[in-house]
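*Asks:* Chain by chain, the residues run as shown.
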Amino acid sequence: MRFKGIIVLGVCLVISLLAIFINPIKINNWERGNNDNLLGMVLGLDLKGGTHLVYSITSTAGEEPTIEDAEGVRKIIDKRVNEFGVSEANVQLLGTPPNKILVQIPSQSGDQITFSFSDDGPTMDEIKNKISSAGLSDYQIEKIEDEYIVTYEQTLGLGTSEKIQSNLANSFSVKVMINFSPIRLEGKKEGEDLEFPNIEDLEPLLKDSNIEYEQLNDLGFGAWELILSNFGYGDDSLAEEIMLSLSETKYNLVNLQPKGELNNFIISGGIQSAKRLIGSTAQLDFRVRECGKEKPEELDINVWELVKCYDPQYYNEVATGIESKNLTDASPGTVPELSQPVVNVVFDEDGSDIFYEVTDRISRTGDLLSIYLDNEELVSPGADKAISGGRAYIYGKDIDAERAREIAVQLRSGALPAKLELIQERNVDAVLGSESLTKSLTAGIIGFILVLIFMISYYKIPGIIASLTLIIYLVFVIAIFKILPVTLTLSGAAALILSIGFAVDANILISERIKEELLAGRNLLNSITVGFDRAWPSIRDGNFSTIITALVLYWFGSNFSTSIMQGFALTLGIGVLLSMITSFQVNRILVRLITTSNLFDKTNLFIPISKKTNTDGDA
Amino acid sequence: MNLLSKRIYLFYFSILAIVISTVLLFVPGLPLGIDFTSGSTITYRWTDQNPSQEQISKSINNAGFDTSIIQSMGNNEFFIRTADIGQDGKERIDIELEQLIGEKPVTLDTNTVGSSVADNTIRNSIIAVFVASLFVMLYIIYAFRNVEQSYVYAIAAILTLVHDVMVVMALFIIFSLFIGSVVNSIFIVGILTVIGYSVNDTIVIFDRIRENLIVNKSMEFMNVVNQSVRESITRSLGTSITTSIVIISMILFGGQSLRDFLLVLLLGVIIGTYSSIFVASNLLLAWKYGLKK
Chain A
1 MRFKGIIVLG
11 VCLVISLLAI
21 FINPIKINNW
31 ERGNNDNLLG
41 MVLGLDLKGG
51 THLVYSITST
61 AGEEPTIEDA
71 EGVRKIIDKR
81 VNEFGVSEAN
91 VQLLGTPPNK
101 ILVQIPSQSG
111 DQITFSFSDD
121 GPTMDEIKNK
131 ISSAGLSDYQ
141 IEKIEDEYIV
151 TYEQTLGLGT
161 SEKIQSNLAN
171 SFSVKVMINF
181 SPIRLEGKKE
191 GEDLEFPNIE
201 DLEPLLKDSN
211 IEYEQLNDLG
221 FGAWELILSN
231 FGYGDDSLAE
241 EIMLSLSETK
251 YNLVNLQPKG
261 ELNNFIISGG
271 IQSAKRLIGS
281 TAQLDFRVRE
291 CGKEKPEELD
301 INVWELVKCY
311 DPQYYNEVAT
321 GIESKNLTDA
331 SPGTVPELSQ
341 PVVNVVFDED
351 GSDIFYEVTD
361 RISRTGDLLS
371 IYLDNEELVS
381 PGADKAISGG
391 RAYIYGKDID
401 AERAREIAVQ
411 LRSGALPAKL
421 ELIQERNVDA
431 VLGSESLTKS
441 LTAGIIGFIL
451 VLIFMISYYK
461 IPGIIASLTL
471 IIYLVFVIAI
481 FKILPVTLTL
491 SGAAALILSI
501 GFAVDANILI
511 SERIKEELLA
521 GRNLLNSITV
531 GFDRAWPSIR
541 DGNFSTIITA
551 LVLYWFGSNF
561 STSIMQGFAL
571 TLGIGVLLSM
581 ITSFQVNRIL
591 VRLITTSNLF
601 DKTNLFIPIS
611 KKTNTDGDA
Chain B
1001 MNLLSKRIYL
1011 FYFSILAIVI
1021 STVLLFVPGL
1031 PLGIDFTSGS
1041 TITYRWTDQN
1051 PSQEQISKSI
1061 NNAGFDTSII
1071 QSMGNNEFFI
1081 RTADIGQDGK
1091 ERIDIELEQL
1101 IGEKPVTLDT
1111 NTVGSSVADN
1121 TIRNSIIAVF
1131 VASLFVMLYI
1141 IYAFRNVEQS
1151 YVYAIAAILT
1161 LVHDVMVVMA
1171 LFIIFSLFIG
1181 SVVNSIFIVG
1191 ILTVIGYSVN
1201 DTIVIFDRIR
1211 ENLIVNKSME
1221 FMNVVNQSVR
1231 ESITRSLGTS
1241 ITTSIVIISM
1251 ILFGGQSLRD
1261 FLLVLLLGVI
1271 IGTYSSIFVA
1281 SNLLLAWKYG
1291 LKK
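Chains as they are written, first to last, in our numbering: chain A, 1 to 619; chain B, 1001 to 1293.
These are computed hints drawn from the structure, not numbers from a lab.
Hints are not guaranteed to be accurate.
Claimed, not checked - Cross-link-like lysine-lysine pairs, in silico, DSS-like; alpha carbons within 27 Å at most: (1) K439/A <-> K460/A; (2) K100/A <-> K1090/B; (3) K163/A <-> K295/A; (4) K188/A <-> K128/A; (5) K439/A <-> K1058/B.
Claimed, not checked - Covered by chain B, according to a simulated footprint, are these stretches of chain A (three or more residues, beta-carbon under 8 Å): (6) 433–447; (7) 487–497.
All C-beta atoms, glycine included, are put in the ideal place defined by N, C-alpha and C.
Sequences and hints are given; from them, build the entire structure.
*Replies:* Written out as structure tokens, the structure reads:
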């Protein structure tokens, strides 16, 4: 029995220590401790810092926002960041009257850029060189097949990604491979009857079109190589220009293929996701798309069927009046009919009525219902019959699971009453100051060691046991916070200190009780058993009351977006539950271990110093 | 030793403490910091010097603004939030900074800024604490179901909690007059911590009373309470001394940014220990015997 306890304790302790000191921990997609924080914990804005975003606010008409609109923006953003699970963000209006909004969010998974070159791209060293010259250092880069992935722990900052993109797109030579088909000459013998363009045919055309290139090489048999260094990214206009200018020769241009150009450049990561979540208006609207009625004569009937509902020149759209404000709930999810994620929405009474009426109408006319988010079309389905019940789902080709979650949060918190534009993006240090925090942490550790010294010198053996229990408790708590993970903020740390206080308290209660039973004349083993039994109700009641309080605060915090309360309650709840278990079970295992080991006569060592001479129990 | 021999004086003392605390909460009231009020933001850059946050904080203090939040943005740039600097405050801060750091900073940006605590945060916190107290009362009534009138223990625990919160806030106000502490959003967390500590401390003593009532059925209630308080006093002091050791070492040797928060915790531990001995048990006696000798 006693060995079973020790084995279980040992296993838990080893697992917890591994969880704390291995960084990062990776099991398939599950990853923890992938940051450079203390022990790989997740730290909040006040302890670690994060991203500093400033948005300008303009009314939908492009003018200065009213105070009400600015307040509305603030409330909605507050709600969005809270609901998205960003703990303890900071949202403040700037300016009198307010026309900007400051949003500080704790460190997210940093920015990530994925890019690739079509074959024959630059070497890794050249790429690194160009990224550094865009002003980025301390990043990591890896190449997986043809894709380069740059990961940066924080936000890249406003404009940096554009600079990197432009550096990568415009500093490496791009070879444009061009092929002409020859002109067959009459009356020449085979092998000499083909005429290919020569340099005099091509050079003037390129010069006329002002195309700046470095070299133009004849590779023979109508194949040419045009080397340029400012090929650019994102549009094919340069390639088109080259094609247009070269197609003026009498030779037939059959192929034009750039090699080594940047053909993919995507930024992703937690900060990008947070920025989309905060900055977009999220105005949802449903429009009836009345398909074209009269077929123009020149169109084939099959073509007409394809375009009448999908080509803007033939259809006409009418607002239904269903907007973001008509939704009572939105949640990300899946539906059996589709393989992609959807956002389930629930309409209010007005919304349901209109939705029923509209679906009823289009099921008869064969028209479509177009769904727009911020004036971008998501999807335009038809309807087989009128849909009652006020529920629908929306999806779109660019909506992945992450985006579906963002949209759901946005729809739940409502559309912004004004337009936002990101004007500043920086990394910021901890609100409480990292220097100051390091000092406080050191002081806290010193204090903790003093507590251990106090307990050992006053309570002797029970004090040693209590100290060991406390250290084991701390190991468990840190391991659990890291694994879950719990974002540690100052309010969380306060709860942690309180729960350590509870753990100390429980251990002192037990030690005191054992001492009392010893003084009452019981033998050691008996005193320990009775002492634990008597201490338990107090520990239980005190801790249960606290857990109840934590549950209530957590519920309030999460339902009324008071994130500071939520963080406190979560840490307190976990901390106290664990403190109750460890201080009781671990303490008991250790006490039994020591008392049954028969090393020396210990009874005296269980009685605090001051009690030896004064055994009547008075203080 | 009869700790509660002066119970009637102690009772009036508690009443007086609550009355004085209530008055202090209105006049002068809690000193609200920049999380609750509007203020100013300044972004500075130094070309050569790389000042520490504490240096900047000290300069702003010297310029007459009690609290500030200073966040480094890298490249020797700092984002500062402080109270409303008005017309000439900026100049005073500039001068102080130049004196202490030895280089005049470049001002990149100044702005006015609204409060960072949402309007409903305080109201929500109060409602949440109220609801939590109701649940804790129900739990105490259940846990003490074996003793007579267990609801009395529940009510006494909650009244003690109210006493603790009021007195801690009042003492904080008094301290703020001397060391310039202010209430920021983290104060709410401090008060929540005080509440947790207070309830636990009270319950441990009540538990002892419960146990002794069951063991010594024939003993007079007053004696049971006295004995229980005496028996748990070493534990109460042990716990509060150890907790205070940690908090005091953090106040003395830790960073400035946590000082006000730790002050609330320290006051909470001291008041919580005092009240569990002298207020909570005294309320039980007042219920049983009234206020006559």
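*Asks:* Decide, hint by hint, whether the structure agrees.
*Replies:* Comparing the hints with the structure gives:
no.: 1; hint: K439/A <-> K460/A; result: 31 Å, violated
no.: 2; hint: K100/A <-> K1090/B; result: 21 Å, holds
no.: 3; hint: K163/A <-> K295/A; result: 49 Å, violated
no.: 4; hint: K188/A <-> K128/A; result: 54 Å, violated
no.: 5; hint: K439/A <-> K1058/B; result: 17 Å, holds
no.: 6; hint: 433–447; result: holds (count 14)
no.: 7; hint: 487–497; result: holds (count 5)
Figure legend: structure checked against the earlier numbered hints; hints not met, in rising order: 1, 3, 4.
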